[in-house]
Amino acid sequence: MYQEICSKYAPDKDNLIYILHEIQNSHPQHYISEEAVQTVAEYLGVPANHIYGVLTFYTMYSTKPRGKNIIRLCESPPCYIKGSENILRKLKTLLDTEVGETTKDGCFTLELCACLGVCGNAPVMMINNDVYGDLTEEKVEEIIEKVRRG
Amino acid sequence: MKFFRSHVLVGINETSIMAGVQDFIKALRLELAKHNLQEEINILETGPLGFFGRGICLSVYPENINYQDVKLEDVPELVSEHFLKGRPLKRLMLDDGGKFSPKLNYSDRIVLRNSGIIDPENIDEYIGAGGYEAWEKALTRMQPADIVAEVKKSGLRGRGGAGFPAGVKWNFTAPIDAPQKYVVVNADEGEPGTFKDRLIMEGDPHQLLEGTMICARAVGATQAWIYIRGEYKLCIDRLQKAIDQCREYGILGKNIFGSGFDLDIFIKIGAGAYVCGEETALIESLEGNRGNPRWKPPFPGVEGLWKCPTVVNNVETLANVPFIIQKGADEFMKHGTPECTGTKVYTILGDVAHPGLCEVDMGTTLRTIINDYAGGMKKGFRFKAALVGGAAGVILPDKLLDVKMDFSSLNQYAAVLGSGAILVMNEHQSIVDILWSILRFFRHESCGKCAPCRNGTQQLYRLISKIKKGKGTMEDVDLMLTIAETMQQTSFCALGQSPIMGVRSAIENFKDEFIAITKSK
Numbered sequence: 005m006y007q008e009i010c011s012k013y014a015p016d017k018d019n020l021i022y023i024l025h026e027i028q029n030s031h032p033q034h035y036i037s038e039e040a041v042q043t044v045a046e047y048l049g050v051p052a053n054h055i056y057g058v059l060t061f062y063t064m065y066s067t068k069p070r071g072k073n074i075i076r077l078c079e080s081p082p083c084y085i086k087g088s089e090n091i092l093r094k095l096k097t098l099l100d101t102e103v104g105e106t107t108k109d110g111c112f113t114l115e116l117c118a119c120l121g122v123c124g125n126a127p128v129m130m131i132n133n134d135v136y137g138d139l140t141e142e143k144v145e146e147i148i149e150k151v152r153r154g
Numbered sequence: 030m031k032f033f034r035s036h037v038l039v040g041i042n043e044t045s046i047m048a049g050v051q052d053f054i055k056a057l058r059l060e061l062a063k064h065n066l067q068e069e070i071n072i073l074e075t076g077p078l079g080f081f082g083r084g085i086c087l088s089v090y091p092e093n094i095n096y097q098d099v100k101l102e103d104v105p106e107l108v109s110e111h112f113l114k115g116r117p118l119k120r121l122m123l124d125d126g127g128k129f130s131p132k133l134n135y136s137d138r139i140v141l142r143n144s145g146i147i148d149p150e151n152i153d154e155y156i157g158a159g160g161y162e163a164w165e166k167a168l169t170r171m172q173p174a175d176i177v178a179e180v181k182k183s184g185l186r187g188r189g190g191a192g193f194p195a196g197v198k199w200n201f202t203a204p205i206d207a208p209q210k211y212v213v214v215n216a217d218e219g220e221p222g223t224f225k226d227r228l229i230m231e232g233d234p235h236q237l238l239e240g241t242m243i244c245a246r247a248v249g250a251t252q253a254w255i256y257i258r259g260e261y262k263l264c265i266d267r268l269q270k271a272i273d274q275c276r277e278y279g280i281l282g283k284n285i286f287g288s289g290f291d292l293d294i295f296i297k298i299g300a301g302a303y304v305c306g307e308e309t310a311l312i313e314s315l316e317g318n319r320g321n322p323r324w325k326p327p328f329p330g331v332e333g334l335w336k337c338p339t340v341v342n343n344v345e346t347l348a349n350v351p352f353i354i355q356k357g358a359d360e361f362m363k364h365g366t367p368e369c370t371g372t373k374v375y376t377i378l379g380d381v382a383h384p385g386l387c388e389v390d391m392g393t394t395l396r397t398i399i400n401d402y403a404g405g406m407k408k409g410f411r412f413k414a415a416l417v418g419g420a421a422g423v424i425l426p427d428k429l430l431d432v433k434m435d436f437s438s439l440n441q442y443a444a445v446l447g448s449g450a451i452l453v454m455n456e457h458q459s460i461v462d463i464l465w466s467i468l469r470f471f472r473h474e475s476c477g478k479c480a481p482c483r484n485g486t487q488q489l490y491r492l493i494s495k496i497k498k499g500k501g502t503m504e505d506v507d508l509m510l511t512i513a514e515t516m517q518q519t520s521f522c523a524l525g526q527s528p529i530m531g532v533r534s535a536i537e538n539f540k541d542e543f544i545a546i547t548k549s550k
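From first to last, the protein sequence lines are chains X and F.
Sequential numbering from 5 applies to the first sequence in this note's numbering.
Sequential numbering from 30 applies to the second sequence in this note's numbering.
Keep in mind the hints are simulated off the structure, nothing from the lab.
These figures come from a predicted structure and were not determined experimentally.
Wrong hints could be hidden among the right ones.
[Said to hold, decoys possible] 27 Å max Cα-Cα, derived DSSO-like pairs, lysine-lysine: (1) F:262 x X:68; (2) X:96 x F:540; (3) F:270 x X:12; (4) F:495 x X:94; (5) F:119 x X:12; (6) F:478 x X:17; (7) X:68 x X:108; (8) F:408 x X:17; (9) X:108 x X:150; (10) F:408 x X:143; (11) X:17 x F:297; (12) X:96 x F:478; (13) X:68 x F:297; (14) F:270 x X:150.
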């Protein structure tokens, strides 16, 4: 599978970011495994430690298996002063999980992130590719329920 | 051509998509058809409108009525009242029953002059508004040196934060004789509180492309890369569509307009790192590496992407260029102050009545921006401070409300204009708390390359956390200043040099708060 994704791109190092994005998106657990790192390293002809270095540098990549849905809550100053801490507390209770961890049923992974550029609607979170803004504790409950049902 | 009685402009952006604008438009069309108004009322999907209301926003022309926060269930009433009976629906109007209407200063705008007026996904509308005239002029009637000279004369300074003169930057790269040169558009907007570039790209992607093309021609680059953050899905879609349209029209490609000049533009998606806003870190990222900044010199203008001369400019900077070339530097210099020409796009957030965006002349005071464009403070709140320029910015107290907002005036107060984010805080908010949030951000975003920043951000966070818990002393406060100053003098790039701005301005302007919280232990 990894080989197939690699071969869509020319074997140039500057395609690395794209290859990693695609590998991660196509994996049901949204992460990049050691096997994937090895495959990409061989394909691009760069050391595996370079791939690992890049992978762990950017916040959008994960080396750990994650849940079906990824929640990224913004914790930057504009969201913080609008109460993102309360939203975080609510999410932790609702999901019974900690930051960086996945719920027992594998449905959600809770992450924090820096500014998403939707500060006009602070506090904001993203679930997968969708942005949810003007969050309140009640709204969060509804959203999680909706996403859980699919 | 078909004539309509009214045009309804619907703003399509992240905010309205979140509010379900696509379903709303469908419902609106159906409702209009029900009343047989589909031939009289035209619905136009456009970018962010000239104002920033909540939820789904509409502008209706020629009546010039703005609605905000319109819901699906409002559609029948809106259609029967406004479009059938001609009675605008007061309760949904933006101006809040005539109490406040934000200034829609279209005549004074440069970057956002088309935003909310044209359909950003349609190149013909951009051309109809005078678009690509500047590109044609730059390509067929101007020499590259003339373009550089005009931009230099205009005094245009980089809008990403540092304020370096764009013409001077171009002038480093233009004379170099190299087989390949590049233009890189920095669209990796990550400064907390800043989303002006997103709105520029959502509202008028062609203007950014045109500015990029002119820059490429001026410095002799035949390829341009737009480095954009992955979260900006709508921007990426609109830019890609705009590039495809340009290729189809022969505005990009080989031998453009018969001039013999070749140019193509590509989009590259980032993976989330604040430091990639630093130009050399951005180049590293484009090359498929960790986004660690490079040693300067050589500057990117001499040796940048793949070791070729590269001009890196911010989105807003390039979006100013078509105006300068089309109307001339003199026209551009009518805006702003003598040292800082042109306009600036701000995003105003926090406890103001109408958070949003505005484009005003350089040198406009913070007071004017808050009162005239954001409707003043939210009811029941008093102004305490504003964080200007995002995390890398400064905290300004009320006594500095009348300082002119431009690069030079703010410098006198050891402040920076930065990216143009204005976060307004009310009297109940704690400065220690906001500084804690800023320093937490830096601790997370330090790339780890150099020791002063890697260790300094950790220590600053440790100290502010201690102070926030009421366990700190005034020695800890002084130590924070010393650490931040050391970082400023010794860090490798602007990231490590920035925390001093917030730390110093917070401690100097709000010393009482630090004294109070450290005494309380």
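Going down the list of hints, with the structure as the test:
1. F:262 x X:68: 25 Å, holds
2. X:96 x F:540: 35 Å, violated
3. F:270 x X:12: Distance of about 22 Å is within 27 Å: holds.
4. F:495 x X:94: Status holds; Cα separation ~25 Å.
5. F:119 x X:12: This hinted pair is violated, its Cα atoms lying about 55 Å apart.
6. F:478 x X:17: Holds - the C-alpha atoms of residue 17 of chain X and residue 478 of chain F are around 21 Å apart, at most 27 Å.
7. X:68 x X:108: 15 Å, holds
8. F:408 x X:17: 54 Å, violated
9. X:108 x X:150: Given pair residue 108 of chain X, residue 150 of chain X holds - Cα atoms ~18 Å apart, limit 27 Å.
10. F:408 x X:143: Holds, at roughly 24 Å.
11. X:17 x F:297: Holds, because 14 Å separates the two Cα atoms, which is no more than 27 Å.
12. X:96 x F:478: 33 Å, violated
13. X:68 x F:297: 25 Å, holds
14. F:270 x X:150: 32 Å, violated
Hints 2, 5, 8, 12, 14 from the earlier list are contradicted by this structure; the remaining hints agree with it.
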